[in-house]
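So the protein lines, in turn, are chains C and L.
For the first sequence, the working numbering gives the first residue as 1, with consecutive numbering after it.
For the second sequence, the working numbering gives the first residue as 191, with consecutive numbering after it.
Read the hints as simulated data drawn from the structure, not as lab findings.
Even for Gly, the Cβ is constructed at its ideal location relative to N, Cα and C.
The reader is advised that the hints may include incorrect statements.
Partial chain C-side listing against chain L, Cβ under 8 Å, derived [to be verified]:
hint: 1; residue: Ile33
hint: 2; residue: Leu88
hint: 3; residue: Thr168
hint: 4; residue: Gln181
hint: 5; residue: Leu184
In silico negatives: residues of chain C with every beta carbon more than 10 Å from chain L [as the list claims (entries may be wrong)]:
hint: 6; residue: Gly52
hint: 7; residue: Ser84
hint: 8; residue: Asp110
hint: 9; residue: Ala143
hint: 10; residue: Ala154
hint: 11; residue: Gln158
hint: 12; residue: Phe163
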Amino acid sequence: MLSQLRPALVALIALTIITGVLYPFAITLIAQIVFPSQANGSLIVQNGNVVGSALIGQSFDAPKYFWSRPSATGPFAYNAGASSGSNLGPTNPALLEAVQARAQALRAADPNNTAPIPVDLVTASGSGLDPHISVAAANYQIARVARARNLDVARVQQLVAQFTEGRTFGILGEARVNVLQLNLALDAVK
Amino acid sequence: MTIIGILQIVLFVVVLVALAKPLGAYMARVYQGEKTSLDPALKPVEKFLYRLFGTRETDEMDWKTYAVAALLFSAAGVLFLYALQRVQGFLPLNPQAFGAVSPDSSFNTATSFVTNTNWQGYAGETTMSYLTQMLGMTVQNFVSAATGMAILIAFIRGLTRHQSPSPSGRGVRGEGHRGEGLGNFWVDLTRSTLYILLPLAILVSLVNISQGAMQNLTAYQTANLLQPTTDSNGAVVTTQTIAVGPAASQVAIKHLGTNGGGFFNANAAHPFESPTPLTDFVLILAESVIAAALCYTFGKMVGDTRQGWAILAAMVILLTTFMFVAYWAEANGNPAFAQFGIDQTASDANPGGNMEGKEVRFGIARSALFATATTATSTGAVNSMHDSYMPLGGFVPLFMMQLGEVVLGGVGSGLYGMLVFVIIAVFIAGLMVGRTPEYLGKKIEPFEIKMAALLILIMPLTVLGMTAFAVVHPDGLQSIFNPGAHGFSEVLYAFTSQGNNNGSAFGGLGANTFFYNILGGIAMLISRFWLAVPTLALAGSLVKKKQVPESAGTLPTYSPLFIGWLIAVVLIVGALNFLPALALGPVVEQLMMK
């Protein structure tokens, strides 16, 4: 039986080199040559500063910005160094309190808006870093953002449309709006 | 539920079944040592490896030697991965300067990855160095999967090889004169890794990177926030540290090998692991396709592809049914939200439903699809947080695991688990009609039934025993996060997941404690090896049997009737074992909602 000990050790070492060294290094090398932007986190650079990633959300609560979804990361929302969901169960009173408080905050920022609030705006995402909101969630906020910025609603609608991505091949996933990119574009509007 | 949502589930099932034949036929060629198109690149490497190992392709192992080889290889893996985590602070490729992982967490993680469970008590981006992720996690993602596949192939050989009577009446060795040999573990391990897992992992990595999946070796990035925010202590935060690393290469194999341990804490919900709906589709397919194709491989190797299709049909029917249950439960949303004026109705602009713990780009349908596939296969990766599912939505992943990880299941382990259920199904059917049960020409006798019963009973015993212990022990109760019945579900889920080598979690449970790390580690070891060894023993017994020619009284194990019968046996055994425990968790929670 001990005759299998040598192959066990040698196989572990050899396969570690193949799958743990050669494979990840080869993929990294190809990625850095062929897809450098994607492989490095789709970073958004403005004036030489990294202002975020197109794939990682940020927290917004000023009326002039579109708000992202709630985030359960600690110790602050959208901590991209520690992804996490809330893990609150559907019957947990803490979840209902949080949803109520979020709904109240949205209504307080836009008292005239009596429309029902799209569910993604009051629920924390799985990663805590969701870069997107639904199209409905963006539409819900357009009037508020336009007012805070003294912009035409039509102009804001146009920007929302510009940063809306449809379902992949028209079937996979959901239509969505990239919040950080949209807010950056809003700030750039003269 | 929307038409588009339903179509996404249908599309997945169609593509999965369509790929089963080509990939399955390829794998049959690989395991039978036939020519493949990758030979020019891989044959020399393969030959070189056998020289290093000191083994020959033609060296045959009986079931005991095969088991010892698999166990020694796994033991070496556990020790290496444990040591690596303990000393990672002194090793290179550690830009965030992470120190040693605690002894109990290292033990849990080492057993977790070697047993193909990939339960994670730790958070990747705040715990593990790049070197540990590559040399430890990525390697075990490959080789633990390859070990499962090897054991399956040995089991199949147990069914196909036999002792045939010679003209003189004395027994001679059957097909290929291999005696009691089940093949060579080192050969099966190497071929699984080189010819199957590695090429697919390269493909999946590159597709996902093109979509935005992360793959670099640099230190974490810092971004200046557009709008400063405040932390829980009220301090102003102006920057965002973005965790990066060699994620895509690890994520590809974590799905293909039905491992499931995320590079990042949020697993495939993290945008750097799965940035788009397309990567989500690819990952769900990756975690299901090998297990599905192995059914075809099985049919090919036993010389009757109908046998493989029948098993795949049973699996796919169960999988699809439960996907729709989960989708329905989550799409209905949380009734308690209605009082706050929340719109949970699905439309082209709104994913609707229960979005707590889910990502907008995936929505409800893809999340439910993923949750069902990841628990039906023993992957355990998540693209949404199962702890926040509706009671019946969370019931689906829990029950998929409790069926014993045989609905696709782990690569290799799922099919050998299902074949045990086939043996039980044949046995019960045989009792009903009063005939000696046989499967693929092999008589099913007391030893086989003893082993099969053992295989089916170990898992619920581990899961229910440990759950019961945890909910009466203060250390077990202390980690519970959500109140009431849901808290019980968290504990039941934890041991169901580890006791079935799945690895997903109701993540609220604070599982990185001495109590859960040690108990869970033991559950994972039992579930992997206490099942693998009797499986090989079963193969060792089957290979010694004569082939009984098919007769009019033979129960066809490929008819629609048998498929339905197999589904019933799997469901009844799972329900008998777990309904009482489920009644205390998701069922009570659902009843309390109304």
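Structure-based check of each hint:
{"no.": "1", "hint": "Ile33", "in the structure": "violated (11 Å)"}
{"no.": "2", "hint": "Leu88", "in the structure": "holds (6 Å)"}
{"no.": "3", "hint": "Thr168", "in the structure": "holds (5 Å)"}
{"no.": "4", "hint": "Gln181", "in the structure": "violated (10 Å)"}
{"no.": "5", "hint": "Leu184", "in the structure": "holds (7 Å)"}
{"no.": "6", "hint": "Gly52", "in the structure": "violated (5 Å)"}
{"no.": "7", "hint": "Ser84", "in the structure": "violated (6 Å)"}
{"no.": "8", "hint": "Asp110", "in the structure": "holds (13 Å)"}
{"no.": "9", "hint": "Ala143", "in the structure": "holds (16 Å)"}
{"no.": "10", "hint": "Ala154", "in the structure": "holds (18 Å)"}
{"no.": "11", "hint": "Gln158", "in the structure": "holds (16 Å)"}
{"no.": "12", "hint": "Phe163", "in the structure": "holds (13 Å)"}
Violated hints, listed in ascending order, are 1, 4, 6 and 7; each of the other numbered hints is respected by the structure.
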